[in-house]
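Going down the list, the sequences are from chains A and B.
Numbering-wise, the numbering used here puts 39 at position 39 of the first sequence, and it's gapless, one number per residue.
Numbering-wise, the numbering used here puts 86 at position 86 of the second sequence, and it's gapless, one number per residue.
By construction, these hints were calculated from the structure, which means they are not laboratory data.
The beta-carbon is built from N, C-alpha and C at its ideal position, and this holds for glycine as well.
Careful: at least some of the hints might be erroneous.
[Said to hold, decoys possible] The following residues of chain B were derived to be distant from chain A, with all beta-carbon distances above 12 Å: (1) 74; (2) 172; (3) 179; (4) 262.
[To be verified] As a list, the in silico PhoX-like pairs of lysine-lysine whose alpha-carbon atoms are at most 20 Å apart: (5) 9/B with 74/A; (6) 9/B with 95/A; (7) 289/B with 383/B.
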Amino acid sequence: MISFPDFEISKNDRLLITGNSGTGKTTLLHLLSGLLMMQKGEIIISGSNLSALSQQKLDKFRGRNIGLVFQQPKFISSINVLENIKVAQLFGFGKVNTQDATSLLNELGIGDKAQKSTNELSGGERQRLAIARALAAKPTLVLADEPTSSLDDDNAEMVYELLHQEAVKNGATLIVVSHDQRLKSKFENMVAL
Amino acid sequence: MNVFKLSFKNLFARPMRSVLTVTMLTMGVALASLLILVGNALDDSFKKNIRGIDMVVGAKGSPLQLILSAIYQIDSPTGNISLAEARKLAKNPQIKETIELSFGDSYKGRRIVGTSQKYVALYDGSMADGILWEKPFEAVVGAQVSQEFDLKTGDEFYSAHGVDGMGHDHEEHPFTVVGVLNTSGSVLDKLILTAPESIWEVHADADHDSSATPEITAMLVKFRSKMGIMTLPRVVNQQTSMQAALPAIEVNRLFELFGVAISTLQIVALVIMLLGAVSVFVSMVNALKDRAFEMALMRSMGASRSQIFGMILLEALMLGIIGTVLGLILSHIGIAFLNTYANEQFGINVSIWALDPLEWLLITATIVLCIFAALLPSITTIKMDVSKILSRYEN
Numbered sequence: 001m002i003s004f005p006d007f008e009i010s011k012n013d014r015l016l017i018t019g020n021s022g023t024g025k026t027t028l029l030h031l032l033s034g035l036l037m038m039q040k041g042e043i044i045i046s047g048s049n050l051s052a053l054s055q056q057k058l059d060k061f062r063g064r065n066i067g068l069v070f071q072q073p074k075f076i077s078s079i080n081v082l083e084n085i086k087v088a089q090l091f092g093f094g095k096v097n098t099q100d101a102t103s104l105l106n107e108l109g110i111g112d113k114a115q116k117s118t119n120e121l122s123g124g125e126r127q128r129l130a131i132a133r134a135l136a137a138k139p140t141l142v143l144a145d146e147p148t149s150s151l152d153d154d155n156a157e158m159v160y161e162l163l164h165q166e167a168v169k170n171g172a173t174l175i176v177v178s179h180d181q182r183l184k185s186k187f188e189n190m191v192a193l
Numbered sequence: 001m002n003v004f005k006l007s008f009k010n011l012f013a014r015p016m017r018s019v020l021t022v023t024m025l026t027m028g029v030a031l032a033s034l035l036i037l038v039g040n041a042l043d044d045s046f047k048k049n050i051r052g053i054d055m056v057v058g059a060k061g062s063p064l065q066l067i068l069s070a071i072y073q074i075d076s077p078t079g080n081i082s083l084a085e086a087r088k089l090a091k092n093p094q095i096k097e098t099i100e101l102s103f104g105d106s107y108k109g110r111r112i113v114g115t116s117q118k119y120v121a122l123y124d125g126s127m128a129d130g131i132l133w134e135k136p137f138e139a140v141v142g143a144q145v146s147q148e149f150d151l152k153t154g155d156e157f158y159s160a161h162g163v164d165g166m167g168h169d170h171e172e173h174p175f176t177v178v179g180v181l182n183t184s185g186s187v188l189d190k191l192i193l194t195a196p197e198s199i200w201e202v203h204a205d206a207d208h209d210s211s212a213t214p215e216i217t218a219m220l221v222k223f224r225s226k227m228g229i230m231t232l233p234r235v236v237n238q239q240t241s242m243q244a245a246l247p248a249i250e251v252n253r254l255f256e257l258f259g260v261a262i263s264t265l266q267i268v269a270l271v272i273m274l275l276g277a278v279s280v281f282v283s284m285v286n287a288l289k290d291r292a293f294e295m296a297l298m299r300s301m302g303a304s305r306s307q308i309f310g311m312i313l314l315e316a317l318m319l320g321i322i323g324t325v326l327g328l329i330l331s332h333i334g335i336a337f338l339n340t341y342a343n344e345q346f347g348i349n350v351s352i353w354a355l356d357p358l359e360w361l362l363i364t365a366t367i368v369l370c371i372f373a374a375l376l377p378s379i380t381t382i383k384m385d386v387s388k389i390l391s392r393y394e395n
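My request is simple: use the sequences and hints to build the entire structure.
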């Protein structure tokens, strides 16, 4: 049983949720994205109470509203870079827009890798692709789970800047869950678990 | 990009696994389809040639041999019978029509049959060229014989003793081709037809006593009513020196013999198909194990449980369809090769392009089998704990 404090975040704002290992950071993130059901309490995103939604509606809600960035950038290996973005569009809002997908890749500086297999990307490119995928369905909320923890200072800086910049550009609220001390100086709003 | 394309790419991202599954399905379907086609063709050909023949009368011996030699022209004759005795039987009021056959000679392995023009009518034969025979030593050749030896109207040839083409030639009497038959899909295609007197004269002159009474090899009989089957064969077998055989019964007996071989092959085909289904099952289970994280990822992107379920079923369905299509292509190519041989030996010809109704059933059964094999693995995706899978791969 893990309890979390109440917190609120306004639209287009940024929030850092910190805490040591075992404090349930990932659990909270999965609750926020509707991948896990909680026993008590409620989560309200853009006026929708997640605990009141059926499994099917929750899947749809997640696809339309939430973009997830995981600590390990992993992709569907049988399809190429561009197709990974298209799949996120497909599951996010049901249809594919190649032009949007391509411009997103260009925006993140990996437009030239569109036809490559995801296995051929370097670590930094994989991080970029993971961010691009999270933004593919134009979410209102981007949730990032330890996006910088395993990266060196330069790459951590790059990933944070991209997340920040893309969230602003796409009008998305950003919540980062991390124990990474380097991020503390970047956020005004913080919740400690 | 759509779910269909994604399934397709998933299949071909791991080609070796798919190849194994598809190969088994292909082999199973090919064998099953081949059995259907060959079985039907045998059935067809055997039925087509006994059409209109209720009974065959010939020399005593094996009834199956009599039927095979007199109707299908694929076995040696049982011997000869007296024409007088045969004609006496033909007067029986229960008999509607008879066709006398005299054979035993051949040209380059193709049998020469001395008979009446009714024999051509029996199989709805029609002329491609020339006319039917009128006099002895006028010959009409079947479509296949004409093609094989380039025999055309006006050509001459000498017959040889024996039906296997190994006997000595009868060099005194050349035959003249007066007509060529169209392909009828019956035994006519591989025969050379002539008047019975040609056969008698060749043998009377060559090595037989010229005073001997004329003999024939067999007589095809059509009854006035089906009641004839009850009494006539017994009458012939008990009261004459001839033998009567019923083609329907002998053909059934022959099919029982084939039947054992065909059922064995059917079981083999079924086992291969089931192995294919097991392979689909294993392939899907493995795919789920390998791709659990990818599926959890898709769920995190908003894919619903039914979309993931559908994707796995779709993959199995594609394996099934690919296996079925390749299997059918393989069996029909096999038939194309078999056709050449079967047509020469038995006058069997199977259409390569048409799909038999039983093959449609085979297609449906294979695809349903594949879907069932994938059902259990697909259902496990519905119960998958996305959060757990994602966090497990994270650390």
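So, going through the hints one by one against the coordinates:
1. 74: holds (56 Å)
2. 172: holds (80 Å)
3. 179: The assertion about residue 179/B holds, with a minimum of 66 Å to chain A.
4. 262: holds (43 Å)
5. 9/B with 74/A: holds (17 Å)
6. 9/B with 95/A: holds (18 Å)
7. 289/B with 383/B: Distance ~14 Å between residue 289/B and residue 383/B Cα, so the pair holds.
Consistency with the previously given hints is maintained throughout, with no hint failing.
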